[in-house]
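In case you want the letters, here they are:
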Amino acid sequence: EADIYQTPRYLVIGTGKKITLECSQTMGHDKMYWYQQDPGMELHLIHYSYGVNSTEKGDLSSESTVSRIRTEHFPLTLESARPSHTSQYLCASSLWGEQYFGPGTRLTVT
Amino acid sequence: QKEVEQNSGPLSVPEGAIASLNCTYSDRGSQSFFWYRQYSGKSPELIMSIYSNGDKEDGRFTAQLNKASQYVSLLIRDSQPSDSATYLCAGITSTSGTYKYIFGTGTRLKVLA
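Protein chains in written order, with the numbering used here: chain H, 1 to 110; chain S, 1 to 113.
Source of the hints: derived by calculation from the structure; they are not laboratory data. Accuracy of the hints is not assured; some may be wrong.
[To be verified] In the BS3-like style, the derived pairs of lysine-lysine whose C-alpha atoms are separated by at most 30 Å in a straight line are:
{"#": "1", "chain 1": "S", "residue 1": "56", "chain 2": "S", "residue 2": "2"}
{"#": "2", "chain 1": "S", "residue 1": "56", "chain 2": "S", "residue 2": "110"}
{"#": "3", "chain 1": "H", "residue 1": "17", "chain 2": "H", "residue 2": "31"}
{"#": "4", "chain 1": "S", "residue 1": "56", "chain 2": "S", "residue 2": "42"}
{"#": "5", "chain 1": "H", "residue 1": "31", "chain 2": "H", "residue 2": "57"}
{"#": "6", "chain 1": "S", "residue 1": "2", "chain 2": "S", "residue 2": "67"}
{"#": "7", "chain 1": "S", "residue 1": "100", "chain 2": "H", "residue 2": "31"}
{"#": "8", "chain 1": "H", "residue 1": "31", "chain 2": "S", "residue 2": "67"}
{"#": "9", "chain 1": "S", "residue 1": "67", "chain 2": "S", "residue 2": "56"}
{"#": "10", "chain 1": "H", "residue 1": "57", "chain 2": "H", "residue 2": "17"}
{"#": "11", "chain 1": "S", "residue 1": "67", "chain 2": "S", "residue 2": "110"}
{"#": "12", "chain 1": "H", "residue 1": "57", "chain 2": "S", "residue 2": "56"}
{"#": "13", "chain 1": "S", "residue 1": "42", "chain 2": "S", "residue 2": "2"}
{"#": "14", "chain 1": "S", "residue 1": "42", "chain 2": "H", "residue 2": "31"}
{"#": "15", "chain 1": "S", "residue 1": "2", "chain 2": "S", "residue 2": "100"}
{"#": "16", "chain 1": "S", "residue 1": "110", "chain 2": "H", "residue 2": "18"}
{"#": "17", "chain 1": "H", "residue 1": "18", "chain 2": "H", "residue 2": "31"}
{"#": "18", "chain 1": "H", "residue 1": "57", "chain 2": "H", "residue 2": "18"}
{"#": "19", "chain 1": "S", "residue 1": "42", "chain 2": "S", "residue 2": "110"}
{"#": "20", "chain 1": "S", "residue 1": "56", "chain 2": "H", "residue 2": "31"}
{"#": "21", "chain 1": "S", "residue 1": "100", "chain 2": "S", "residue 2": "67"}
{"#": "22", "chain 1": "S", "residue 1": "100", "chain 2": "S", "residue 2": "42"}
{"#": "23", "chain 1": "S", "residue 1": "67", "chain 2": "H", "residue 2": "17"}
{"#": "24", "chain 1": "S", "residue 1": "2", "chain 2": "H", "residue 2": "17"}
{"#": "25", "chain 1": "H", "residue 1": "57", "chain 2": "S", "residue 2": "42"}
{"#": "26", "chain 1": "S", "residue 1": "110", "chain 2": "S", "residue 2": "2"}
{"#": "27", "chain 1": "S", "residue 1": "100", "chain 2": "S", "residue 2": "56"}
{"#": "28", "chain 1": "H", "residue 1": "57", "chain 2": "S", "residue 2": "100"}
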């Protein structure tokens, strides 16, 4: 079973706040991904990393940043939260092909 | 044209029937394909991977890949109401040395009891 964790699971925060969503995996996977998904809608790739000190932007510009200082850790930071950031954020990791997803963080920006 | 395309559905099948989910892709360089299942409010979970032409079976699931026609399918035999979910097709392309992982938009399956 995949071991990938996300915290917090739910977050309600006011506009303009800085937030960091945490993602950790214990499988030693090189590749990690952040997706945004609204209910009933498709996955949108926000950022990805193929290893330590390697990060790339995905197709969706969400005014967020990521870092990959350690293999197991891939946090996502929103510098200034806005209501349009309200969504589900999913983290995933893979060794090569198969992606394993965390439980997600449900973010609501008021 | 999306790189990986799926019919959004919903696809409704009666309990016990075979559900057939299809996916087409545009990049002939795509090499590997994956099917994920996502229940409402949950994260996607991997069902199967397929890398070469032909069929691959795992329990009630069969994945089919046809690289010449650029399509991938997932068959679910003896469909159960618990199979009702959104099924996501994904593929990997490595064009010009750039590795890219692409998800389709998903097909919603409803199995009617």
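Evaluation of the provided hints:
1. 56/S x 2/S: Given that 30 Å is the threshold and the Cα spacing comes to 25 Å, the pair holds.
2. 56/S x 110/S: It holds: about 23 Å lies between the C-alpha atoms, which stays within 30 Å.
3. 17/H x 31/H: Satisfied, since the Cα-Cα distance of roughly 29 Å is no more than 30 Å.
4. 56/S x 42/S: holds, 26 Å
5. 31/H x 57/H: Holds. Residue 31/H to residue 57/H sits at ~14 Å (cutoff 30 Å).
6. 2/S x 67/S: holds, 17 Å
7. 100/S x 31/H: holds, 12 Å
8. 31/H x 67/S: Distance ~26 Å between residue 31/H and residue 67/S Cα, so the pair holds.
9. 67/S x 56/S: OK: residue 67/S and residue 56/S at ~14 Å, within 30 Å.
10. 57/H x 17/H: holds, 22 Å
11. 67/S x 110/S: holds, 28 Å
12. 57/H x 56/S: violated, 34 Å
13. 42/S x 2/S: Holds: residue 42/S and residue 2/S sit about 25 Å apart, inside 30 Å.
14. 42/S x 31/H: Holds, at about 21 Å.
15. 2/S x 100/S: Holds - the C-alpha atoms of residue 100/S and residue 2/S are around 14 Å apart, at most 30 Å.
16. 110/S x 18/H: Roughly 40 Å between the alpha carbons, so the hint for residue 110/S and residue 18/H is violated.
17. 18/H x 31/H: The given pair, whose Cα atoms are some 26 Å apart, holds under the 30 Å limit.
18. 57/H x 18/H: Given pair residue 57/H, residue 18/H holds - Cα atoms ~19 Å apart, limit 30 Å.
19. 42/S x 110/S: holds, 16 Å
20. 56/S x 31/H: holds, 26 Å
21. 100/S x 67/S: holds, 18 Å
22. 100/S x 42/S: holds, 24 Å
23. 67/S x 17/H: violated, 48 Å
24. 2/S x 17/H: Violated: residue 2/S and residue 17/H sit about 35 Å apart, past 30 Å.
25. 57/H x 42/S: Cα-Cα ~24 Å, so holds.
26. 110/S x 2/S: holds, 24 Å
27. 100/S x 56/S: This hinted pair holds, its Cα atoms lying about 23 Å apart.
28. 57/H x 100/S: With Cα atoms ~12 Å apart, residue 57/H and residue 100/S stay inside 30 Å; holds.
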